[in-house]
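Protein sequence lines, in the order shown, are assigned to chains V and D. Using the working numbering, the first residue of the first sequence is number 23, and each one after it goes up by one. Using the working numbering, the first residue of the second sequence is number 5, and each one after it goes up by one.
Derived by calculation from the structure, the hints in this document are not laboratory data.
Only pairs whose alpha carbons sit at most 25 Å apart, straight line, appear in this in silico DSS-like list of lysine-lysine:
#1 Lys773/D <-> Lys115/V
#2 Lys552/D <-> Lys566/D
#3 Lys566/D <-> Lys115/V
#4 Lys447/D <-> Lys367/D
#5 Lys296/D <-> Lys447/D
The following label-pair restraints were derived from C-beta to C-beta distances:
#6 Met120/V <-> Val622/D: 27 to 35 Å
#7 Leu632/D <-> Ser75/V: 37 to 45 Å
#8 Leu112/V <-> Gly783/D: 24 to 32 Å
Where a beta carbon is used, it is the ideal one built from N, C-alpha and C, also for glycine.
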Amino acid sequence: MELLISLIIGVLTASGVYLSLRGRTFPVVLGLTFLSYAVNLFLLVMGRLTIGSPPIITDGIIQYADPLPQALVLTAIVISFGMTAFVIVLALKAFSEMGNDQVDGQHKP
Amino acid sequence: MNLSLIALTPFLGAAFVAAISRMGRLHAAWGAGLITLIALAFLFPFIAGVFSGQVVVQSVSWIPLLGLDFAFRLDGLGLLFVLLILCIGLLIILYARYYLSERDDMGRFYAYLLMFMGSMLGIATSENIIQLLIFWELTSLSSFLLISYWQTRHESRMGARMALAVTGGGGLALLGGFILLGEIVGSYNLTDILASGDLIRAHDLYLPMLILVLLGAFTKSAQFPFHFWLPNAMAAPTPVSAYLHSATMVKAGVFLLARLFPALSGTSAWFWLVCITGLATLVIAAYIAMFKHDLKGLLAYSTISHLGLITLLFGIGTPMAALAGTFHIINHAIFKASLFMAAGIIHHETGTRDMRILSGLWKYMPYTGLLAMVAAASMAGVPLFNGFLSKEMFFAETLSVAGQPWDWLLPATATLAGIFAVAYSLRFIHTVFFGEISPDLPKQPHEPPRWMKVPIEILVALCLLVGIFPALTVEPILDIAASSVLQSPVPDHDLAIWHGFNTALYMSITALVGGIILYLIRRPLFVLQERLDKWLSFKDLYELLLAKLFYLANAAVHFLDKQSLQRMVLIFILFILALGLSGVSGMDAGYSLTGGRATLPIDGVSLLVALVIAAAAVATAVMHRQRLVSLILLGTVGLGVSLVFVKFSAPDLALTQLSVEVVTIVLMLLALYFLPQESPNESGGWLRSRDAMIASAAGGGVALLVWAVLTRPYETIADYFLENSLPAGGGTNVVNVILVDFRGYDTLGEITVLGLAGLGIYAMLEQLKLAGSSHDGQGRAWDTDMHPVIMASFARLLLPLALLVSLFILLRGHNLPGGGFIAGLITAVALVMQYLANGVVWTQERIPFNLHAIIGYGLLIATATGLASWYFGYPFLTSTFSHIHWPVIGEFELASAMAFDLGVYLVVVGATLLILVYLGLVHHQSHQMKVRKRIR
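Whenever a hint applies, use it, and build me the whole structure from the sequences.
Okay, structure coming up:
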């Protein structure tokens with residue numbers, strides 16, 4: 023299972039990096055979203071993989087998944103939504119001002 | 005009584021003064037005077053104690069881990085400075101009320117002045133040196149505001165910038181010096197530092213520390229070669245110059261020398277560094293002052309010269325010299341403040357400060373002339389005036405270094421400086437007030453208003469009183485100030501006018517006679533000086549250096565920033581790759597990638613989900629030019645990620661991810677409508693394969709890293725949260741308890757950021773007008789039916805149910821998966837569905853909430869919950885809970901953290917809806933535009 027999650031995070035990172043290197047705003051925003059997925063998963067698995075024992079205190083159970091990375095990731099998801107929203111609206115604003123969606127924000131035809 | 009009030013009152017007063025100045029022009033002046041009197045009243049209870057030798061230290065722990073205290077101290081030296089700052093400040097406030105014209109904004113002036121006064125008081129009363137440094141920097145900042153008070157004038161702005169650059173740079177050096185000093189002593193408190201002089205002087209770091217501290221002191225007190233900022237700061241209104249360059253700003257530098265005198269002095273490094281700087285400043289500035297044609301320019305250089313004198317005295321380092329230095333601090337403050345004010349009156353009444361035009365003013369303003377004459381005599385060191393006493397002591401002290409090589413040089417140079425001082429003082433009086441009245445005066449002069457002269461009268465009276473009856477007037481305060489400079493009883497001294505015929509008296513006489521002769525032969529000297537002027541300008545050197553610095557910075561920016569985001573991202577990623585590689589290459593050969601931790605077996609469903617995620621991710625990258633397709637693929641990946649969260653025991657994350665995914669996709673779809681539907685094929689094959697290689701390297705590196713981490717055991721602090729969640733936080737959902745309780749402060753920060761992001765987006769969208777495309781990528785027209793009936797009806801039916809679910813999720817969040825973040829997102833999704841199905845305007849009419857206010861209320865509730873625990877005497881955001889029994893539902897637990905969660909909920913709803921609704925409104929407008937076009 024560790025191998026599988028490593029590969030998923032790797033593939034998400036690779037897609038994120040590739041898209042971030044594009045020259046138009048929309049793919050770059052997609053790339054940033056991919057990178058957020060990768061980073062969020064990365065943070066989560068730093069608490070190691072635990073199956074079937076969510077950190078909800080129940081009588082008789084001693085072993086739980088690490089709640090701390092989960093708390094970190096929960097806010098990270100919401101914040102990355104805020105960031106994605108900000109960047110995509112910024113892209114719209116740039117498109118309206120410059121007349122193109124080139125990432126360098128210059129008046130190119 | 006609280007000592008900190010003395011320094012903090014002016015800061016509060018600055019806001020007060022700025023506020024009341026709106027009600028009337030002169031209110032600000034009265035208010036500033038009142039504030040100064042209040043600060044004096046706060047000082048009053050301490051005076052008797054300090055005079056009896058007591059040192060008052062009051063401190064509150066601030067950041068104990070770093071040894072930082074919020075600590076104040078009042079001893080003799082501090083009291084002397086506080087009195088100078090407040091009393092001369094009071095006179096300046098009175099003077100400025102008449103000086104400022106109708107066009108000047110009095111509220112702004114007095115607010116700045118009070119801020120500056122508070123900063124100076126803070127320096128004088130700080131016990132902790134880091135705190136002292138903060139006030140030190142505040143004086144730099146507030147003096148910047150004061151010097152640039154007439155903002156529309158170029159020279160004001162340039163002068164202020166120069167003062168800030170030089171004194172701010174010195175402040176940085178001082179910070180370094182203070183940190184070293186604190187490291188040497190092991191404490192940042194003055195009491196400890198002053199008591200460990202021997203330890204400091206013997207330490208290896210003594211010399212670097214000394215140089216850094218002296219850089220701070222010398223830049224502030226305008227010592228050569230940093231003196232050039234002071235004459236350029238003369239662009240300030242004259243009351244500011246009178247205040248900054250007599251009793252305050254520049255005195256902060258010599259205050260520091262006096263303050264740290266017992267800790268730092270007594271070494272040859274101190275002697276040579278401080279003496280040479282002081283001596284050079286004394287002579288060079290006295291020389292330049294003689295040749296300045298501007299009244300304020302002359303006073304500026306004479307100020308620099310007198311500061312050199314004080315510095316030199318502290319450099320000589322004998323107890324008697326330190327006493328003389330302290331004495332001259334007082335005398336210089338008194339006569340220089342009155343001279344600046346007199347210069348201000350002359351400028352005010354005649355319209356010029358140029359001594360080549362000014363002459364014969366005695367006829368029109370004899371009274372001002374008399375006052376100026378007394379102050380100038382004091383500056384020149386004429387007997388019976390206060391300046392004479394400290395100058396005589398200074399001359400005597402220059403003789404005390406006898407026995408050293410070149411011991412004749414110091415008294416000789418001191419006398420030479422004395423000659424120049426007499427000459428420029430004479431010039432100030434004789435040229436301006438005597439001789440023929442000049443026909444070129446811009447205005448017909450007459451005496452100024454009565455009360456404008458009062459501050460000068462008081463100061464001039466002090467010059468005479470101190471000069472004639474020193475033992476009765478200045479002796480007590482001088483004794484306690486000097487003894488706290490020395491940290492030991494003051495040496496025997498006799499503050500008398502007549503000490504018999506001794507060398508110091510001959511030096512004084514030489515200076516007086518030489519000065520008169522020098523003044524008489526001034527005209528040929530002026531001509532000579534004008535030729536020299538060209539290569540003696542430090543201002544030009546400073547500007548040259550500044551221009552070079554700007555050029556260098558620009559070159560660096562142009563080199564790094566080629567105006568291409570792609571290039572920057574590429575450099576960034578390559579750099580991180582290089583960092584990762586360098587980490588790997590540093591490992592031992594026998595280091596294994598796989599650790600010893602047992603791995604979990606792979607099951608079929610997981611494999612399938614992983615394949616779907618990976619395939620969708622790769623497909624998004626490959627097909628990114630077809631934007632709609634890539635967006636759908638992105639959604640698939642997001643859903644897959646939430647499944648991963650489910651699998652690995654993170655139900656809260658799964659719920660959050662799911663709802664965020666919905667909102668994100670809707671948002672991106674809304675945005676995509678306005679953007680081109682396809683990306684052009686710009687990058688060639690080589691570029692694409694290069695990027696693919698870099699991306700694979702990055703992805704491979706991350707995968708290996710994750711693998712290496714996951715196969716190793718780890719330690720966690722989670723046990724603490726798991727154990728305390730229920731007993732201390734009152735909830736069984738540990739993730740939620742961490743968010744709203746253990747780490748509630750972080751969450752408060754996060755929702756603030758989210759709220760700000762929402763407001764920022766609103767600001768960007770407000771003026772945005774975009775025309776969306778009328779067809780998709782393949783050229784097919786969009787459907788004209790904007791709000792299909794079936795969807796609209798179902799959405800309306802579903803709304804109450806969805807809201808109920810979100811309420812349920814919110815309430816149970818403390819114990820089961822859910823909480824403010826998730827409930828907020830679900831509510832947002834439910835409402836967004838209405839907007840989508842029924843149109844923004846239709847929905848807005850029925851849900852007329854002000855979304856900005858919802859964000860505000862959310863933050864308010866969350867903060868109030870935190871503050872409430874303060875009210876009950878607990879640290880910020882401490883939660884409490886109790887169980888209540890509700891009918892039907894049963895046992896229910898009510899925690900104060902739930903109020904906090906409600907705040908989180910409101911911010912999330914407000915921010916998410918704000919973003920989507922306003923983007924939706926842009927859509928609405930674009931459709932309206934199209935409809936309008938069609939009608940035309």
